[in-house]
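Here is how the chains run, residue by residue.
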Amino acid sequence: MAHHDWLGLKRELPRRRRLLLTALSFVIPLVIWSVVSYVPWIWHPLIHITDPGNVDYFSEGLDIPRADFYQEVAKAKAAGDPLPQGYRVNPVYLPAPHEVARAFYTAFKTPPRLQDEPWLYQSLGHSIRTIFLGFLFSSLLGLPLGILAGSYRFFAKLIEPFIEFFRYLPAPAFGALCVAVLGIEDAPKIAIIFIGTFFQQVLVIANSVRKVDPALLEAAQTLGASKWKLVSRVVIPASITDVYTDMRILLGWAWTYLIIAEVVGTMSGITLFINQQARYRNFDNVYAAIGMIGIIGLSTDMFLSWLAGILFPWKVRSSSGSRALRRSWFPLLESRKPKPVLWPSFNPKPELPPNPERQFNVAQ
Amino acid sequence: MSLSELKLPDYREQAPPVAARFQRIRQRPVILSVQNLRKAFGANGSTQVVFDHVSLEIHRREFICVVGPSGCGKSTLIRIVAGLDEASGGEILLDGKAVAGPGPDRGMVFQGYTLFPWLTVKRNVMFGMKMQGKADSMAEAEAREWLEMVDLAKFENLYPHELSGGMKQRVAIARALANNPRILIMDEPFAALDAQTRCQMQAYLLQIWKKVDATILFITHDLDEAAYLADRIVVMGSNPGRVVEFIENPVPRPRTSDQFISPEFLALKKRLEEHIHPRIEAAEKLPMIKLTEAGDEVE
Numbered sequence: 053m054a055h056h057d058w059l060g061l062k063r064e065l066p067r068r069r070r071l072l073l074t075a076l077s078f079v080i081p082l083v084i085w086s087v088v089s090y091v092p093w094i095w096h097p098l099i100h101i102t103d104p105g106n107v108d109y110f111s112e113g114l115d116i117p118r119a120d121f122y123q124e125v126a127k128a129k130a131a132g133d134p135l136p137q138g139y140r141v142n143p144v145y146l147p148a149p150h151e152v153a154r155a156f157y158t159a160f161k162t163p164p165r166l167q168d169e170p171w172l173y174q175s176l177g178h179s180i181r182t183i184f185l186g187f188l189f190s191s192l193l194g195l196p197l198g199i200l201a202g203s204y205r206f207f208a209k210l211i212e213p214f215i216e217f218f219r220y221l222p223a224p225a226f227g228a229l230c231v232a233v234l235g236i237e238d239a240p241k242i243a244i245i246f247i248g249t250f251f252q253q254v255l256v257i258a259n260s261v262r263k264v265d266p267a268l269l270e271a272a273q274t275l276g277a278s279k280w281k282l283v284s285r286v287v288i289p290a291s292i293t294d295v296y297t298d299m300r301i302l303l304g305w306a307w308t309y310l311i312i313a314e315v316v317g318t319m320s321g322i323t324l325f326i327n328q329q330a331r332y333r334n335f336d337n338v339y340a341a342i343g344m345i346g347i348i349g350l351s352t353d354m355f356l357s358w359l360a361g362i363l364f365p366w367k368v369r370s371s372s373g374s375r376a377l378r379r380s381w382f383p384l385l386e387s388r389k390p391k392p393v394l395w396p397s398f399n400p401k402p403e404l405p406p407n408p409e410r411q412f413n414v415a416q
Numbered sequence: 005m006s007l008s009e010l011k012l013p014d015y016r017e018q019a020p021p022v023a024a025r026f027q028r029i030r031q032r033p034v035i036l037s038v039q040n041l042r043k044a045f046g047a048n049g050s051t052q053v054v055f056d057h058v059s060l061e062i063h064r065r066e067f068i069c070v071v072g073p074s075g076c077g078k079s080t081l082i083r084i085v086a087g088l089d090e091a092s093g094g095e096i097l098l099d100g101k102a103v104a105g106p107g108p109d110r111g112m113v114f115q116g117y118t119l120f121p122w123l124t125v126k127r128n129v130m131f132g133m134k135m136q137g138k139a140d141s142m143a144e145a146e147a148r149e150w151l152e153m154v155d156l157a158k159f160e161n162l163y164p165h166e167l168s169g170g171m172k173q174r175v176a177i178a179r180a181l182a183n184n185p186r187i188l189i190m191d192e193p194f195a196a197l198d199a200q201t202r203c204q205m206q207a208y209l210l211q212i213w214k215k216v217d218a219t220i221l222f223i224t225h226d227l228d229e230a231a232y233l234a235d236r237i238v239v240m241g242s243n244p245g246r247v248v249e250f251i252e253n254p255v256p257r258p259r260t261s262d263q264f265i266s267p268e269f270l271a272l273k274k275r276l277e278e279h280i281h282p283r284i285e286a287a288e289k290l291p292m293i294k295l296t297e298a299g300d301e302v303e
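Heads up: the protein sequence lines correspond to chains B and D, in order.
Each residue of the first sequence is one higher than the one before, counting from 53 in the numbering used here.
Each residue of the second sequence is one higher than the one before, counting from 5 in the numbering used here.
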């Protein structure tokens, strides 16, 4: 194997390189962000005034565009006035990494400014609940419908054309309607997540179910499976790993609908937190909150992926761990095979105890 | 020396034990009877006939191979027998009763691997029995027995993806037989295997067949396979598909690899070749266009 080749087309990389690249995919954006934040001569388009000098509209703590600042400095020089002082900074909407990192911690520790405002953890909890309920209701209806449409042409033709039409309607377009029907609290938000997820869900799951190898269905039929058992014992288990993966992807989509859902009616959840922090110009908290959504989403997905390995042990996973396991099996299997001779004589195994039902002794 | 110069007996000549065996087979009850079966696609005017007037009878515990050139409809034929396709005409009788649709009375082993990937080897073998409503413990005990028979008892808890191709097909055979089908239908079951594994599987199959009351209808395009396994060989022709000859295999049982160069085997093989591989004709039909300057020395 060419271990030196980092760019082998469609070739799996060794484990260490995979880990390294995974780390790099996070480190590279972080490095770019750090460089922009910490290297003073890169970007930093503003001057943070420490001493306004005699300039009227300068005051201590004000951020002034660099060009304006240098213009005033030049004017002050010409007039012989005391020079204004300051240092280069980035705009307030780009906090440095360490500020955001600190905000991850302090945002949980800092009580809300007003008494009736939620803490960050409450906002997050609220958002997770909204997502969970929206996705749950969608799945309760979408899973059975998807499986039915994937299994029977009858249901596919009955259900899919309308859903195909409906999924083009943007979920946020239903915001006003949802508020009118469901009020301004959580119900319309859950409904938006539902609308955003459900119609895709039915189609995607129906598609995965349709992909079940028809040969498996035929085999099951020749083994005596019929009608409902064919669905429950063959179609569902055969497609369950794909459906599970679909659900993971759909859960990700549900998260992307969250922010839109939460501005419907009274703003709530993480969206409320983000908006308020932006109004207070606590952009470190804004980034921390956005980052938390990413972390929650990614860790949920990683957990579900790990769970899949436990739930579906027959699934050949691409992780090197299971491949190593399979490799350790194969030598055992090889040794079980008879030696490769052309037309081998069969090693007679101990005969089965005579079974009158099965044994039929015809003199050969 | 070419095959045509070889002095071979007539493929219809049977040694007394072979003739006696066919005599016995003919006296056994008919398990499967295919009567005047017809399959055609399309409607009014533009019908494409796959095969027509196909009739055959299979006696209890007989091993029948169907061979034929590609396009003769042999796979369609057994799919209809298995109930997976519908016939356009004719009848299929199992134990004298007409059958329609698939059922556990006709077990099937497919060319592709059709083990259920989400079930362990043992659970795969238990599948049919559970569909018949057998209790778990009973089905499990029987599945073990069947796995013992195909020499895979040690692998009962593995999943299909952990098995080699030959092992998968052995499990598939066990799975089909565990249902006690009246007839076992095999659709080129070893075609996807490499040559050596295929040979082993053929030997395995004969051993299994010896141990159980199985009537086998076996489709293959491999003439050696047909000659090695079959009692009778049904030769099908194409355009349109039809049965051209029933051949009683003159090679005595038990079959061994040595028989591959026995006169009976070669005589049978020669006859099959004449039916299936009209190579000379095909070569004559191909237009000769010279694309190289190289002379005869490359031949």
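It is possible that some hints are incorrect.
[To be verified] Below, a list of computed lysine to aspartate or glutamate pairs in the DMTMM-like style, where the Cα atoms sit at most 20 Å apart:
| # | chain 1 | residue 1 | chain 2 | residue 2 |
| --- | --- | --- | --- | --- |
| 1 | B | K279 | D | E149 |
| 2 | B | K281 | D | D140 |
| 3 | D | K134 | D | E149 |
| 4 | B | K367 | D | E90 |
| 5 | B | K279 | D | D109 |
| 6 | B | K127 | B | E151 |
| 7 | B | K279 | D | E160 |
Just so you know, the hints here were simulated from the structure itself, not pulled from any lab data.
So, going through the hints one by one against the coordinates:
no., hint, result
1, K279/B x E149/D, "violated, 29 Å"
2, K281/B x D140/D, "holds, 16 Å"
3, K134/D x E149/D, "holds, 16 Å"
4, K367/B x E90/D, "violated, 35 Å"
5, K279/B x D109/D, "holds, 17 Å"
6, K127/B x E151/B, "violated, 35 Å"
7, K279/B x E160/D, "violated, 28 Å"
Hint check: violations occur at hints 1, 4, 6 and 7; the rest are consistent with the structure.
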